[in-house]
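Turn these sequences into a full structure, and let the hints steer you where they fit.
Listed below, chain by chain, are the residues.
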Amino acid sequence: MTVTTASTSGDTLEPRPDLVTLTIDGVETSVPKGTLIIRAAEQLGVAVPRFCDHPLLDPVAACRMCLIEVEGMPKPQPACAVTCSDGMVVKTQMTSAVAGEAQRSVMEFLLINHPLDCPICDKGGECPLQNQAMTSGQGDTRFDGPKRTFPKPINLSAQVLLDRERCVSCARCTRFAEQIAGDPFIELLERGSQQQVGIADDVPFNSYYSGNTIQICPVGALTSAMYRFRSRPFDLASTPTACEHCASGCSLRTDSRRNAVMRRLAAVDPEVNEEWNCDKGRFAFRYLESDRRLTSPLVREGGELRPASWDEALVAAANGLKTADGKTGTVTGGRLMVEDAYAFSVFTRRVLGTNDIDFRPKGSSPEEEQFLAARVAGRGLGPTYADLEGAPAVLLVAFEPEDESPIVLLRLRKAAKAGTRVLAVAPAASRGLAKLDGTWIPSVPGSEATALQNLAPDVVDLFGQAGAVVLVGERAAASPGLLTAVGELCDRTGAALGWVPRRAGDRGALDAGLLPTLLPGGRPVADAAARVDTAAIWGAAEVPETAGRDLPTMLKAVEDREISALLMAGVQLDDLPDGAEAALRAAEFVVVLDTHDHAVVQFADVVFPVAAAPEKAGSFVNWEGRVRPSSQPLRTSLMTDARVLSVLGAEMGVAGLESDPVALMAQLEEFSGWEGARVSPPSVAGAPPDPGPGLLLATWRPLLEATHLQSGEPYLAATARAQEVWLSTGEARELGASEGDMITVTGASGSVTAPLVLAEVAAGAVVVTGNAHRALGASGVRVQVAVEGQG
Amino acid sequence: MPLTPVLSAHWDEADSYTLDGYRRHGGYDALALAFAKQPDDVIQLVKDSGLRGRGGAGFPTGMKWGFVPQGDGKPHYLVVNADESEPGACKDVPLMLANPHSLVEGVVIASYAIRANHAFIYIRGEVPHAIRRVASAVREAYAAGLLGQNILGSGFDLEVTVHAGAGAYICGEETALLDSLEGFRGQPRLKPPFPAVAGLYASPTVVNNVETIASVPSIVTNGADWYTSYGSEKSPGVKLFAVSGHVERPGIFEAPMGTTMRELLEWAGGMRKGHRLKFWVPGGSSVPLLTEEHLDVPYTYEDIAAAGSMLGTGTPMVFDETTSVTRAVTRWLEFYKHESCGKCTPCREGTYWLVDLLRRLESGVGSDDDITRINEVSAQIAGRSFCALGDAAATPFPGAMKYFADEIALGTHTAASDLYDPVAATVLAGVNA
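In the order they appear, the protein sequences are chains U and Z. Taking this note's numbering, I'd label the letters of the first sequence as residues 26 to 816. Taking this note's numbering, I'd label the letters of the second sequence as residues 2 to 434.
Everything labelled a hint here was simulated from the structure, so no lab data went into it. Just so you know, even glycine gets a beta-carbon here, dropped at the ideal spot from N, CA and C. There could be a bad hint or two in this list.
Listed next, the stretches of chain U that the computed footprint assigns to chain Z, with coverage defined by at least 3 CB atoms under 8 Å from CB atoms of chain Z [claimed, not checked]:
{"hint": "1", "segment": "82-92"}
{"hint": "2", "segment": "129-137"}
The following label-pair restraints were derived from C-beta to C-beta distances [stated by the list, open to error]:
{"hint": "3", "chain 1": "Z", "residue 1": "Gly74", "chain 2": "U", "residue 2": "Pro57", "range": "49 to 57 Å"}
{"hint": "4", "chain 1": "U", "residue 1": "Met98", "chain 2": "Z", "residue 2": "Ser418", "range": "43 to 51 Å"}
{"hint": "5", "chain 1": "Z", "residue 1": "Gly126", "chain 2": "U", "residue 2": "Gln748", "range": "36 to 44 Å"}
{"hint": "6", "chain 1": "Z", "residue 1": "Gly74", "chain 2": "U", "residue 2": "Gln219", "range": "39 to 47 Å"}
{"hint": "7", "chain 1": "U", "residue 1": "Ala481", "chain 2": "Z", "residue 2": "Gly74", "range": "21 to 29 Å"}
{"hint": "8", "chain 1": "U", "residue 1": "Asp111", "chain 2": "Z", "residue 2": "Glu183", "range": "29 to 37 Å"}
Computed cross-link-like contacts, DSSO-like style, restricted to lysine-lysine with a CA-CA straight-line distance of at most 27 Å [said to hold, decoys possible]:
{"hint": "9", "chain 1": "U", "residue 1": "Lys100", "chain 2": "Z", "residue 2": "Lys192"}
{"hint": "10", "chain 1": "U", "residue 1": "Lys460", "chain 2": "U", "residue 2": "Lys442"}
{"hint": "11", "chain 1": "Z", "residue 1": "Lys75", "chain 2": "U", "residue 2": "Lys58"}
{"hint": "12", "chain 1": "U", "residue 1": "Lys100", "chain 2": "Z", "residue 2": "Lys403"}
{"hint": "13", "chain 1": "Z", "residue 1": "Lys192", "chain 2": "U", "residue 2": "Lys439"}
{"hint": "14", "chain 1": "U", "residue 1": "Lys442", "chain 2": "Z", "residue 2": "Lys75"}
{"hint": "15", "chain 1": "Z", "residue 1": "Lys75", "chain 2": "U", "residue 2": "Lys439"}
{"hint": "16", "chain 1": "U", "residue 1": "Lys460", "chain 2": "Z", "residue 2": "Lys75"}
{"hint": "17", "chain 1": "Z", "residue 1": "Lys75", "chain 2": "U", "residue 2": "Lys116"}
{"hint": "18", "chain 1": "Z", "residue 1": "Lys403", "chain 2": "U", "residue 2": "Lys442"}
Here is the structure:
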């Protein structure tokens with residue numbers, strides 16, 4: 026016999042030491058060491074049936090559905106738990122009677138206690154059990170005994186319901202909760218056929234990620250209160266969308282029927298949200314059906330807003346803005362897709378002729394504006410989620426990822442489990458930080474800059490390592506000198522800098538140049554070349570040269586009669602700084618583009634209704650700087666912001682403003698790659714808080730709260746975390762308070778009373794979780810703390 | 002063959018369970034002998050003795066100890082599996098009651114050999130009397146300097162923790178035991194990694210049965226040759242045989258491996274008066290039953306296996322002609338259904354189904370199809386479950402069918418209670434007659 030070597034042809038690849046070669050169903054394949062048989066088979070197009078297996082969860086080999094034959098092993102092996110090794114000969118159900126029989130056996134076992142309620146089960150039509158019963162089952166059952174039953178359903182939370190008799194004990198939900206979310210509030214209980222998913226009586230399923238358990242349930246055991254019995258999967262039209270709720274940038278699948286969203290699921294996007302999303306992104310879409318939706322233009326007549334035709338409203342708006350003659354300021358909110366944000370950038374400069382524009386309604390500092398313009402705007406992609414996963418160390422500054430960008434928390438958790446060190450400069454060691462096994466660097470609100478400047482040398486060294494990342498949240502703007510210090514730390518160490526805002530539209534607005542000193546793509550208004558560039562792309566003669574006003578300055582200018590008109594989009598009164606109402610009242614003319622009848626609308630002279638995110642195609646740009654395209658699941662007669670601005674521009678004498686989202690995006694693309702001058706980074710000295718009576722308030726807005734985008738979904742609202750007051754044991758002792766006591770925190774404009782939680786809190790600070798800013802103000806104000814009734 | 006009491010030599014003394022009682026007969030002398038050797042030499046000694054795990058699987062003990070990676074910088078642990086729960090098995094609990102110090106001494110020697118400084122004795126929760134005896138022995142050993150720091154000046158430190166389980170058969174499975182010991186719900190773990198590499202708290206761990214560990218001091222004292230002078234080449238040594246059931250004098254008989262059931266029956270005073278043997282189960286309910294024709298099979302791993310069963314725990318259950326085999330098998334399956342942990346599908350659902358089918362046969366409303374089905378379902382469980390519990394549940398019925406197919410077939414029309422008066426099989430037989 027002639028022996029031939031494998032390397033007879035020139036294109037034969039050298040064997041790689043990190044690969045193992047095995048045979049599956051007679052086909053030789055090479056896979057990286059450590060690959061599970063089930064994954065290797067998938068790569069060959071062989072689907073081994075499975076329930077407990079999930080590529081992002083640790084193997085458990087519990088359901089036994091994926092039994093296959095491995096030559097040399099006496100028993101069938103679970104493909105989901107056995108790793109490939111060199112020379113292994115695997116036979117799946119495609120080539121092995123043993124494997125096929127074992128799988129049919131397991132399927133028969135799974136079905137003996139499974140109810141035959143597919144016709145009324147939410148999962149029917151998209152059910153792995155149903156599907157695999159067809160592919161790997163036997164069509165009929167030999168079991169004729171009584172099935173196990175349970176009272177149904179039980180609530181794991183207000184939103185997540187469990188029908189125990191449908192459960193196949195795959196433990197995907199419990200493993201997700203423990204391994205991915207770090208919220209091990211659900212667990213398998215009892216034994217044998219009585220085994221069931223359960224929850225402690227006194228500990229709620231307090232997880233922002235609970236909806237994922239429903240999506241990965243391979244049967245209809247877990248359902249959501251909001252979707253249960255509302256639709257059949259085969260009646261739904263699925264549309265790929267991007268989440269409008271935060272800057273994490275999740276890919277979603279929006280399922281609609283008869284032009285209404287029925288549910289939303291996490292779409293698979295390995296680079297961003299993998300296969301997960303948060304409960305807000307999943308469940309908060311009922312706002313679309315609110316009776317406060319604006320459906321027709323409104324104009325003010327005799328002090329009252331009344332419905333008007335588009336023609337009338339456009340003429341009224343155009344006249345009002347023309348009268349203001351360049352003395353108009355533009356304020357946008359976080360709901361804008363990047364195409365619409367860009368349209369505002371163009372409209373404000375070209376039609377209104379001003380740089381008075383700001384996308385940061387929460388009131389923000391010139392330091393932040395400089396920081397964003399210098400270090401973030403138009404910088405493109407990165408750092409990314411993958412960078413977080415590969416980072417040796419990640420520093421969190423003024424950022425609680427669990428509340429403020431929940432998918433960042435999931436990726437950081439994945440990274441931390443693999444060895445990434447997470448550190449946080451924060452007023453308290455939060456539960457989110459504990460999930461990351463993080464190191465807490467205590468800092469009271471206002472003194473974070475000092476904390477950063479005084480980082481221990483070994484901590485600084487961590488960030489000198491290649492791949493280290495610093496993530497700063499938008500709350501950093503409220504702490505003078507902090508963004509300066511963050512930038513300087515990155516300059517000093519070489520760490521990558523990521524800015525993580527709260528709202529889905531923020532990064533896009535920044536890249537579109539919605540700042541008074543910034544044009545699209547990070548170009549400074551002050552730079553002549555940038556202005557020429559911009560004018561050329563816009564086909565305009567020029568762009569305004571004078572730096573504009575930021576929001577606080579605009580509001581003051583309104584009161585000082587230097588600005589007479591305001592153009593507002595997606596802004597809520599609650600978002601604006603204190604005293605904004607007076608300015609709105611003082612403005613001579615206010616035009617509002619919005620989806621809903623918010624309080625701001627009441628100050629408007631002309632209101633244009635616009636399409637909400639699921640009613641248009643467009644994109645968000647997430648914190649990474651990644652474009653998140655979103656298709657249009659719902660039909661509507663409403664126009665996009667960009668379209669309204671285009672027709673309004675025409676009415677005001679500037680015809681041809683682009684409004685097609687694809688064309689807008691293409692135009693914005695032309696702004697990328699700016700190599701000219703940048704706005705210089707801020708250099709603001711930290712101003713540690715003055716000593717004073719009481720404690721420094723630390724607070725951040727929770728993921729779930731009563732905002733308009735979360736309206737209409739009571740089951741979701743019921744899973745919001747209860748408000749708490751966190752004090753260090755030292756402060757609590759001084760107060761004579763113990764865990765659970767009701768504590769009243771009093772600020773300048775109100776007070777909050779909530780139970781005490783003893784926590785690691787920086788000396789001199791008190792944390793109030795939940796939405797405290799209305800009553801108490803923002804982080805850094807001084808508040809008085811007392812046991813309720815003893816204040 | 003004669004009785005060869007080693008572990009049970011002094012059980013008849015009133016203070017056999019105390020330190021004094023144990024020391025009176027050379028207790029803890031083996032410890033000094035072991036300390037005089039290098040740990041690896043102790044492992045070699047146990048390898049040479051051929052000692053096999055007495056918990057049922059019969060894995061060579063010395064080899065198991067040798068799997069523990071040395072010099073790995075991790076803590077090592079010894080865990081004693083004292084969760085004796087197998088139906089019919091009753092040897093570890095009496096041993097812990099009557100001679101707990103042999104276990105403690107074995108724990109110190111084994112820990113020294115595998116270089117563990119913390120050992121755990123995980124005792125079934127339903128036997129508080131045994132827990133108290135072992136806990137008291139451990140206390141005595143601490144007080145006498147036989148546990149704790151620098152034991153007998155050897156420089157070897159050992160902490161021993163006595164832990165009570167909460168009463169689950171599955172916790173006798175070594176990895177489920179480890180989960181339970183760590184405070185989790187007792188369910189078997191995925192292997193690999195095996196406990197010798199990543200066991201308790203993800204550190205190298207040896208899990209051994211009580212009788213196995215308690216046998217170690219006598220091997221250290223008397224040598225490997227002494228041990229291998231008993232039994233067969235593949236099944237050396239002596240063993241506690243616990244005979245239960247329809248015999249005159251149920252009890253524990255310590256005898257060489259290779260002893261036959263006929264000899265054990267003799268020591269147990271024969272069958273109860275007026276009755277004859279119907280079947281017997283050599284090593285707990287998880288092994289196939291045997292009959293009178295197997296009475297002369299030597300009690301070795303290999304011979305019992307050749308006869309179609311398994312040595313298991315070596316605790317024969319003996320049944321006379323008053324017993325309904327259908328009822329016996331149904332009870333065993335009810336046990337497995339009750340104790341199935343629920344983790345894997347074949348065991349969880351299969352035991353549920355088998356009980357449903359068996360109860361039909363027991364109550365005389367079964368069908369031929371049901372009998373076929375029980376065999377098929379048993380075969381569907383065997384070899385597919387996550388751990389050996391499923392395999393065990395798949396064993397009794399096919400085993401019974403081999404010898405009692407005709408009787409089982411009666412379940413298609415007649416209830417077992419009509420054929421076999423349930424009371425007649427109990428000690429209450431004739432009491433109220």
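So, going through the hints one by one against the coordinates:
1. 82-92: holds (count 8)
2. 129-137: holds (count 6)
3. Gly74/Z with Pro57/U: 49 to 57 Å: violated (28 Å)
4. Met98/U with Ser418/Z: 43 to 51 Å: Since Met98/U and Ser418/Z have Cβ atoms about 44 Å apart, the given range 43 to 51 Å holds.
5. Gly126/Z with Gln748/U: 36 to 44 Å: holds (42 Å)
6. Gly74/Z with Gln219/U: 39 to 47 Å: Holds, since Gly74/Z and Gln219/U (Cβ atoms, about 43 Å apart) stay within the stated range.
7. Ala481/U with Gly74/Z: 21 to 29 Å: holds (28 Å)
8. Asp111/U with Glu183/Z: 29 to 37 Å: holds (34 Å)
9. Lys100/U with Lys192/Z: holds (14 Å)
10. Lys460/U with Lys442/U: holds (10 Å)
11. Lys75/Z with Lys58/U: holds (26 Å)
12. Lys100/U with Lys403/Z: Holds - the C-alpha atoms of Lys403/Z and Lys100/U are around 23 Å apart, at most 27 Å.
13. Lys192/Z with Lys439/U: Holds, because 23 Å separates the two Cα atoms, which is no more than 27 Å.
14. Lys442/U with Lys75/Z: holds (20 Å)
15. Lys75/Z with Lys439/U: Between Lys75/Z and Lys439/U the Cα gap is close to 25 Å, so the pair holds against 27 Å.
16. Lys460/U with Lys75/Z: holds (25 Å)
17. Lys75/Z with Lys116/U: Violated, at roughly 39 Å.
18. Lys403/Z with Lys442/U: Cα-Cα ~53 Å, so violated.
Hints 3, 17 and 18, counting from the list given before, are not met by this structure.
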